[in-house]
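K.L.:
If you're matching them up, the sequences are chains A and B in order. This note's numbering numbers the first residue of the first sequence as 1003 and each following residue consecutively. This note's numbering numbers the first residue of the second sequence as 42 and each following residue consecutively.
Simulated from the structure, these hints should not be mistaken for laboratory data. Just so you know, not all the hints are guaranteed correct.
Looking from chain A toward chain B, a few residues come up when the C-beta cut is under 8 Å (computed) [claimed, not checked]:
| hint | residue |
| --- | --- |
| 1 | Ala1102 |
| 2 | Phe1231 |
| 3 | Phe1240 |
Counterexamples of contact, computed for chain B against chain A with all Cβ distances above 10 Å [what the hints assert, rightly or not]:
| hint | residue |
| --- | --- |
| 4 | Ala74 |
| 5 | Lys236 |
| 6 | Thr259 |
| 7 | Glu388 |
| 8 | Leu398 |
Computed beta-carbon distance windows for the label pairs [stated by the list, open to error]:
| hint | chain 1 | residue 1 | chain 2 | residue 2 | range |
| --- | --- | --- | --- | --- | --- |
| 9 | A | Ala1009 | B | Ile159 | 48 to 58 Å |
| 10 | B | Asn211 | A | Pro1137 | 26 to 36 Å |
| 11 | B | Arg267 | A | Thr1139 | 49 to 59 Å |
| 12 | B | Asn211 | A | Glu1005 | 32 to 42 Å |
Where is the CB? At the ideal position from N, CA and C, for every residue including glycine.
If you want the building blocks of each chain, they are given just below.
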Amino acid sequence: MSEQLVATLTQQFFNALTIGGIYALIALGYTMVYGIIQLINFAHGEIFMVGAFVAMTFLVGIGLHGAIADPLVLIVVLVAAFLVVMPINGLLGVGIERFAYRPLRNAPRLAPLITAIGISFILQNLVYIWQGPSPVTFPQLLSPQVRFSVLGASVSWISVLIVVVTAILLIGLQLFIGRTRLGRAMRATAQDREAAQLMGVNINTTIALTFFIGSGLAAAAGIVYGLYFGTIAFNIGFIAGLKAFTAAVLGGIGNTTGAVLGGFMIGFIEVISTQLGLAVWAHAIVFAVLVVVLVFRPSGLLGTPIGERA
Amino acid sequence: MTAATPAKPVARGSGARDWFGQHRSISVILGMAIVTSLLPLIVTLPPLNGFNAQRVWIDSFADAGIFVLLALGLNVVVGLAGLLDLGYAAFFAIGAYTYAFSASAFTGQHIPFWPMLIVGALVAAVCGLLLGAPTLRLRGDYLAIVTLGFGEIVPILFRNADFTNSGGPNLTNGTNGIPGIDRPTLPVIQVGDFKVLNIVFNAANPLSYYITMAVIITIVLILVYRLQDSRLGRAWQAIREDELAAASNGVNTVTSKLLAFALGATTSGFAGVFGASKLVFVSPDQFGFTVSFTILAMVVLGGMGNSIGVATGAFSIFVFQRVFLPQLTNFFKEFHVPILSDINFIEYQFLLYGLALVGMMLLRPQGMFPSRQRARELHTAEPDALEPSPEGLDSEGTLA
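Next up, chain A with everything else stripped away, as it sits in the complex (with noise of 0.2 Å):
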């Protein structure tokens, strides 16, 4: 009895891993975005769910359906996915901040957010559009049936993959922000827009950058989250970017490591919840944490004083 509660435990583990890894990826780019122009991107949802649907036309487009068995090309094929997808799905970042957010910046805070639920309706349509109602199959480069045992638990390769490559980008990011000369622009950036830009950063430039970014990690998200649940569908964006921003908030809005935080802790309350059998309100059970942080601590777990970040 107990061996099988180790079993599941372990699964669930996992499970929560994988979903976390999503969540932590798509919260990155709400809190990047929040911490250098406070702005809630809310567009920001839908531009991981066009990342998703621009991979699978990269990998269908190149005549990629099923299984890879060589795990060697199975790499260099993933590789080539992120190293396309992110970029573009970046320069679509680039674009909405550009056309839709860069001409409001020193307008009313209400206009902004306006405009950004505005692209998110204005993408998801267009997808909606392009490919249908109904539920798009993903290549299925690693099939699920691929597994390993461990602890008496039947673990997909997929979720390990997935933490590997979250674990990945995450560290990137985290070098990238802390060690570069980019990095300390965006961070002088979100801390004081003004006197960075005294001092010579170009401010234009390094909002480019965050949303370039923080789409890029959105797109590496959705293809994760393809090749972890095999369909997508135009609607996914709505709900996992409401889940992400609550692993935002939880965080602590505008601090990286805090998203990533937020993000797996999300993932084990989702899992968590559909393991007590309450699968239908686990959207409600996550809504209800992001208003309990809210509420009680409002700048998150790791929060630091409004206008600082990372």
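Given the coordinates of chain A, work out where chain B should sit on it, guided by the hints.
P.N.:
Chain B alone, transformed into the frame defined by chain A:
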């Protein structure tokens, strides 16, 4: 917030404008009476009579009234108090389900429509207070996301509160929704055997719904205008412009915001009860995010802060989507126009709303029928807009 001068009628142009500005309630009643009586007549003229029969038009107008009401309520929250509520359809759902619970075969209760109109609105208001009390202290953009979540949760609640599988009670009939909701009734006034007044509400007679709706909208419009010019209304506008400054000047921002939220919810509750009694059916799918989004698009397009503009915007958008989009689709199909005949324009409506929202925010944030005061605020990028222009003190507002 520099000059809180009481409104002085500025002599300019025609005196009629000033008169209507000062006697706003009478103007609203007159205006609504004229519009309400003209609409059913206009649609009998070509080319409008080619689209639909008069009965269908009146039916659409009554449905449009529901959205006018919703937009007026959301305008109090977004347009007057400047709070972005993205889950507004939740209160609509709460109003509708309240009536469904109290007047349908599902629960066996048959409480009359008229008292329930008030009760439904009050229930929605209480829910608004419950949601608002903890969240309105937050910054505006957090409020947006919390309301977005709330709007998502309420339909989930109604969808899943059927516990028959686990041996519990069936509270909401799940995804199937609650059918067979009572229609409104009015007592028949008769002298002897002669029926002086016999107003019947049913699908064959949308006129009674239409007129009821017009009366409700008139009352709400008068209330909103009177509130707008009251101390509370000025507090909302002060909060919208600069919350910190308003708080420093002694405005209780949390209470004022809470009242705006509750009043918005009340209006939505009215619309919910009315909608349920007209459709005689409620289901969780009627209250998704697209509904909240549509109402927001109506408010933004109409002109945030201007009730008449918002009402006109809501009415036009609803009639556009209900009548013209399907007709457009049929038109292109019928004449086999290449490419266009394959398009179902109804599928494009949310794309259009999205484009409209972004376009309006970028090019004309004050909306199609702007409130003058709001227009100036939304154009803060232009330096001269910061100074109240001589025209600023117009007959519309007491606060410039």
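K.L.:
Next step is simple, just say for each hint if it's right about the structure.
P.N.:
Hint check results:
For Ala1102/A, the suggested interface contact is upheld, since its CB lies about 6 Å from the closest CB of chain B, less than 8 Å. Because the beta carbon of Phe1231/A sits about 20 Å from the nearest beta carbon in chain B, more than 8 Å, this interface hint is broken. Interface hint at Phe1240/A: satisfied, since its Cβ lies 7 Å from the closest Cβ of chain B, which is below the 8 Å cut-off. In this structure Ala74/B is separated from chain A by more than 10 Å, as the shortest Cβ-Cβ distance comes to about 34 Å.
The claim that Lys236/B lies off the interface holds: its Cβ sits roughly 50 Å from the closest Cβ of chain A, which is beyond the 10 Å cut-off. The beta carbon of Thr259/B sits about 29 Å from the closest Cβ of chain A, which is more than 10 Å, so the claim that it is off the interface holds. The claim that Glu388/B is not at the interface with chain A is violated, since a C-beta of that chain comes within 10 Å of its own (minimum 7 Å). For Leu398/B, the non-interface assignment is contradicted: its Cβ lies about 3 Å from the closest Cβ of chain A, within the 10 Å cut-off.
For the pair Ala1009/A and Ile159/B, the beta carbons lie near 57 Å from each other, so the given range of 48 to 58 Å is met. Between Asn211/B and Pro1137/A the C-beta distance comes to about 30 Å, which sits within the given range of 26 to 36 Å. Between Arg267/B and Thr1139/A, the C-beta spacing of about 58 Å keeps the proposed range 49 to 59 Å intact. Taken as a hint, the range 32 to 42 Å holds for the pair Asn211/B and Glu1005/A, whose Cβ atoms sit roughly 39 Å apart.
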